[in-house]
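From first to last, the protein sequence lines stand for chains A and B. Residue 1053 is where the first sequence starts when you use my numbering, and the numbers rise one by one after that. Residue 179 is where the second sequence starts when you use my numbering, and the numbers rise one by one after that.
These are calculated hints, taken from the structure and not from any lab test.
Some chain B residues flagged as far from chain A (calculated, every beta-carbon gap over 10 Å): (1) VAL199; (2) ASP200; (3) GLY247; (4) GLU248; (5) GLU269; (6) ALA272; (7) GLY273; (8) GLU275; (9) PRO295; (10) ARG317; (11) ARG368; (12) LEU387; (13) PRO410.
Simulated DEER-style distance windows between Cβ atoms: (14) B:ALA383 with A:ARG1124: 55 to 61 Å; (15) B:PHE407 with A:ARG1124: 46 to 52 Å; (16) B:GLY408 with A:CYS1128: 41 to 47 Å; (17) B:PHE407 with A:GLY1089: 25 to 31 Å; (18) A:CYS1128 with B:GLU275: 29 to 35 Å; (19) B:GLN358 with A:GLY1125: 43 to 49 Å; (20) A:GLY1089 with B:VAL199: 46 to 52 Å; (21) A:VAL1121 with B:ALA216: 24 to 30 Å.
Quantities reported herein were computed from a predicted structural model and do not represent experimental measurements. Built from N, CA and C at the ideal position, the CB exists for glycine as well.
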Amino acid sequence: MEPLETGVLDGNAIGGLLLEVFGTEMTVAVGTCGSCGTASQVAELAVYQPGLGTVVRCRHCESVLMVFVRARGVTCVDLWGLASLA
Amino acid sequence: MAGTAVRGRLTWQTATVGSVVDETPQVRTISLSAPDWADHRAGQHVDVRLTAEDGYQAERAYSIASAPGEPLSITVERLDDGEVSPYLTEELRAGDEIEVRGPIGGYFVWDAADGGPLLLLAGGSGIVPLRAMLRHRERLGSTVPVRLLYSSRSWADVIYRDELDRSMDGVAVVHTLTRQQPPGWTGYARRVDQQMIAEVAWHVADGPLAYACGPTNFVEAVASALVAFGYPTRRIRTERFGATGQ
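Model the full structure from these sequences, guided by the hints.
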């Protein structure tokens, strides 16, 4: 697991967003990276919030796993980078 | 269903400010009364949403400072360039209303069944969820032994200082002051490092459970020191927040 740089958050920070999207507590769910296959709990993933939305990356290969963008009260969710989330 | 909390759904609700208490010049504890609030677990957080007159909204997550069963309270550190914390720490008064939703999180929590011994590692306001765990332990009458290593910039920046000074059975509190130390200070005066972890942490053979919370660089330094000391990663739970004091 690569160390995170200053200012980068972890998956705990988006517990509310994930609860809103999935309807259940997701920070203890395990996400598997579609690029390198690394499995880790959502709470341990790298979270970037540049202002326009939320980007979640793999801690091992830095691939984008999830993207959330909120516009006009609707949250758009992209889970393309995940092999699985359970 | 606006304004009504549906069980199992995360909805915004209005909370009324009960009291505000200054912990340090930068940090304030705010007690909140939210009629539809479900009880939380120690270590969970709450999302706070502020709406400006022009409709602009800003949301932030804050760790819950109170133990399960106690009235909801949060402890907020003022970030000079923040959108939300300056309002919460300077403008908010008893009787004001803010929007909250939660409780949130299932990873960085301690329940009595998790046992111990516990190693709690706090950087700056990373003490907040750990304080909820300490109070929870005390309210339960738990005898799980605890060591708390708390890194602050100076003695004046130590949050909950009186509460932590008060001796708690089975709890050892070790401070490190990274920037400024009071005259005669004999404690640690540097950032948490490998040597400090080796001196303070429970031995791996004791089967400890570690919780580290603070700015990202603090948590990374602490977690890598614990792994080097032999802690299995599954026994280290971490929570990071934006850059602030340690």
